[in-house]
Amino acid sequence: MNRGVFLLIILGVALCAGAAADDRQAHINYMLHCQGCHTPDGSGVADKVPALKGFMGNFLRVEGGREFLIQVPGAAQSALSDAELAELTNWMLSNFSASQAPENFQPYGEKEVARLREHAIIDVAGVRAELLGRMVLP
Amino acid sequence: MHKNRFDNWFEQRARNSARTTSRRSLVRGLGALVLGAAAYPLLPVWRSAAYAGDSQADPGDPQDCASYWRYCAIDGFLCSCCGGSVTSCPPGTVMSPVTWIGTCRNPGDGKDYIISYNDCCGRSACGRCQCMRNEGDTPAYRPATSNNLNWCSGSPADVVYNCSTAIILGVKD
Numbered sequence: 001m002n003r004g005v006f007l008l009i010i011l012g013v014a015l016c017a018g019a020a021a022d023d024r025q026a027h028i029n030y031m032l033h034c035q036g037c038h039t040p041d042g043s044g045v046a047d048k049v050p051a052l053k054g055f056m057g058n059f060l061r062v063e064g065g066r067e068f069l070i071q072v073p074g075a076a077q078s079a080l081s082d083a084e085l086a087e088l089t090n091w092m093l094s095n096f097s098a099s100q101a102p103e104n105f106q107p108y109g110e111k112e113v114a115r116l117r118e119h120a121i122i123d124v125a126g127v128r129a130e131l132l133g134r135m136v137l138p
Numbered sequence: 001m002h003k004n005r006f007d008n009w010f011e012q013r014a015r016n017s018a019r020t021t022s023r024r025s026l027v028r029g030l031g032a033l034v035l036g037a038a039a040y041p042l043l044p045v046w047r048s049a050a051y052a053g054d055s056q057a058d059p060g061d062p063q064d065c066a067s068y069w070r071y072c073a074i075d076g077f078l079c080s081c082c083g084g085s086v087t088s089c090p091p092g093t094v095m096s097p098v099t100w101i102g103t104c105r106n107p108g109d110g111k112d113y114i115i116s117y118n119d120c121c122g123r124s125a126c127g128r129c130q131c132m133r134n135e136g137d138t139p140a141y142r143p144a145t146s147n148n149l150n151w152c153s154g155s156p157a158d159v160v161y162n163c164s165t166a167i168i169l170g171v172k173d
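As you go down the protein sequences, you meet chains A and B in turn.
Numbering of the first sequence is given in the numbering used here, commencing with residue 1 and proceeding in unit increments.
Numbering of the second sequence is given in the numbering used here, commencing with residue 1 and proceeding in unit increments.
There may be inaccurate statements among the hints.
Claimed, not checked - Selected chain B positions facing chain A (in silico; Cβ < 10 Å):
1) V94
2) P97
3) S116
4) T145
5) S153
6) L169
Stated by the list, open to error - Each computed SDA-like pair below joins lysine to any residue, with the alpha-carbon atoms no more than 20 Å apart:
7) B:K172 / A:R24
8) B:K172 / A:D22
9) B:K172 / B:D112
10) B:K172 / A:W91
11) A:K48 / B:A140
12) A:K53 / A:M31
13) B:K172 / B:A140
14) B:K172 / A:I28
15) A:K111 / A:R134
16) B:K172 / A:S81
17) B:K111 / A:I28
18) A:K48 / B:A157
19) A:K48 / B:G154
20) B:K172 / A:Y30
21) A:K48 / B:S153
22) B:K172 / A:L80
23) B:K111 / A:Y30
24) A:K111 / A:E84
25) A:K111 / A:L80
26) B:K111 / B:C72
27) B:K172 / B:Y113
28) B:K111 / B:D58
29) B:K111 / B:G154
30) B:K172 / A:P40
As the list claims (entries may be wrong) - Restraint ranges, calculated between C-beta atoms of paired labels, are given here:
31) B:P143 / A:S94: 23 to 31 Å
32) B:D61 / A:S94: 36 to 44 Å
33) A:A125 / B:Y141: 17 to 25 Å
34) B:Y141 / A:V62: 27 to 35 Å
35) A:G133 / B:A57: 35 to 43 Å
36) B:S153 / A:D22: 46 to 54 Å
37) B:L149 / A:K111: 30 to 38 Å
38) A:A98 / B:A32: 49 to 57 Å
39) B:D64 / A:G133: 52 to 60 Å
40) A:Q77 / B:A39: 55 to 63 Å
Hints are computed from structural coordinates only; laboratory data are not their basis.
C-beta: ideal position from N, C-alpha, C; glycine also.
Working from the sequences, and respecting the hints, build out all of it.
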């Protein structure tokens, strides 16, 4: 094995370890801030708590949905920092709803989350219903 | 073939054993060993290490609000005083899938654990061992981390609150 390949492998392992640490932090934040209602696997409670699992990625397919996932009160008003909320939302999308999210999905970043959080949704249920109405579900 | 004392000794033991024991005695002995090993944990001897509440890893009495570390953020009646346990509901009640989640430091190992205080629902309030320690509880305008809600109202069981459990979800770094 030449040295270049060896260094690449080491770098790859280090990057994976870093990603795993982020995943773990995101999962801890999910447990502390979301799981109480959305349940451990994100499936929610029928007619009471919306399911993240197998669904939340659909919001990214309609205009305004990307904003909604951050501005929905449970997310926007949580005690998480902007960076943590970005990381957690990306984690939820890849863990619970990867097949619904569009293929060209760009992960949320701290600045985008900060900008979106400044605008509160007043009529949450109305905005949500309107977004759901525009979704084309299989 | 030349035999030394060592060989003689082993030969004699082997012949002796063949003469005095039956082939089935091996089966008998193994059977006794297997059954004995299975029955040993059932014997009524003092096995404090098997009782989680008494061991160093999980210190405190689960029926005591003040001493049991997992109750640091609880608000309600202890299921362990109400016919259930720290992790299970009393008979006739249903555990709510939606729940208040907090963290408590375990004095046994100094780590912070994520604890889920699932309510048990469906029968009227237990009334025993009321415990309100409320660490990390937030006001009701942060409902996701407020323990002063009736979490049974999100339960398919019923809105009637009976008691609360304290289940470990994981370690918080």
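For each hint given before, does the structure comply? Return the numbers of the non-compliant ones in rising order. The structure conflicts with hints 1, 13, 15, 29, 35 and 36, although it agrees with all the remaining ones.
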